[in-house]
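Taken in order, these protein sequences are the chains called A and B. Each residue of the first sequence is one higher than the one before, starting from 10 at the first, in the numbering used here. Each residue of the second sequence is one higher than the one before, starting from 10 at the first, in the numbering used here.
Rather than coming from a laboratory, the hints here were simulated on the basis of the structure. None of the values given here were measured: they were computed from a predicted structure. Treat the hints loosely; a few may be bogus.
When chains are identical, the list treats them as one kind, so a pair holds in a single copy or across two.
In silico lysine to any residue, SDA-like type, Cα no more than 20 Å apart, as pairs [unchecked claim]:
1. LYS59 / SER25
2. LYS58 / ASP123
3. LYS59 / ASP48
4. LYS117 / ASP26
5. LYS119 / GLU104
6. LYS119 / MET52
7. LYS119 / ALA27
Number of protein chains: 2
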Amino acid sequence: MVQYSSRLDASFAALSDATRRGVVEQLWRGDASISELADRFHMTLTGMKKHVGVLEQAGLVTTQKIGRVRTCRLGRRDLDEEAAWIDGRRRVWNERFDALESVVEALKRKETSDGRDNG
Amino acid sequence: MVQYSSRLDASFAALSDATRRGVVEQLWRGDASISELADRFHMTLTGMKKHVGVLEQAGLVTTQKIGRVRTCRLGRRDLDEEAAWIDGRRRVWNERFDALESVVEALKRKETSDGRDNG
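Just need the whole structure built from these sequences, with the hints factored in.
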């Protein structure tokens, strides 16, 4: 449970930055070196290394250094846990709205039948 | 686009903390005051106020002060954008794995037929 929780902490934190989400989207299209990513996002190498480090910690990206080039690719971790958490919350939201709607419908029906009884 | 992006920044950051996710889950079950939430999560009022502030900024929670009690409830914002972003990423992952599988299958078939041709 703690592991699950800290995985969610790390991945949601990693995704809370537009550049890091951009890096993930970029790596969908293919592997890229840190310097290619730095160029693409108009950042310094040091800045991009930090972002990639955060994504790597969260398991969303893996890197491999061959010679002087560090190549980044999408990590093995899918986002099933994050999707499940968010979908659970959306489901509850919808259920609450549906329940509210039923109550309103029941009240409407009651009002109509009361009106008929009294009319 | 910038608005969309900063909404994602704020909500993913809000969700990157286990206490804040716990508060959202708690509010699924019903509204609660800040002090009830502080008790429940064994925190100081000040600490809980900060967490609720982060959730409120992200639109995930709304609060209303009546008299001396500030009541928290689930915000109006659903998590559709976050779900869409994550689902998009998962779809790409699956597509890439499917593509990889097709290549492996094609190679296997080629190998078998080459073996047959040469055998």
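Hints, verified against the model:
no., hint, verdict
1, LYS59 / SER25, "both (14 Å within a copy, 18 Å between copies)"
2, LYS58 / ASP123, "neither (69 Å within a copy, 46 Å between copies)"
3, LYS59 / ASP48, "within (15 Å within a copy, 37 Å between copies)"
4, LYS117 / ASP26, "neither (46 Å within a copy, 42 Å between copies)"
5, LYS119 / GLU104, "neither (22 Å within a copy, 52 Å between copies)"
6, LYS119 / MET52, "neither (64 Å within a copy, 45 Å between copies)"
7, LYS119 / ALA27, "neither (51 Å within a copy, 43 Å between copies)"
Hints 2, 4, 5, 6 and 7 from the list above are not met by this structure, while the remaining hints are.
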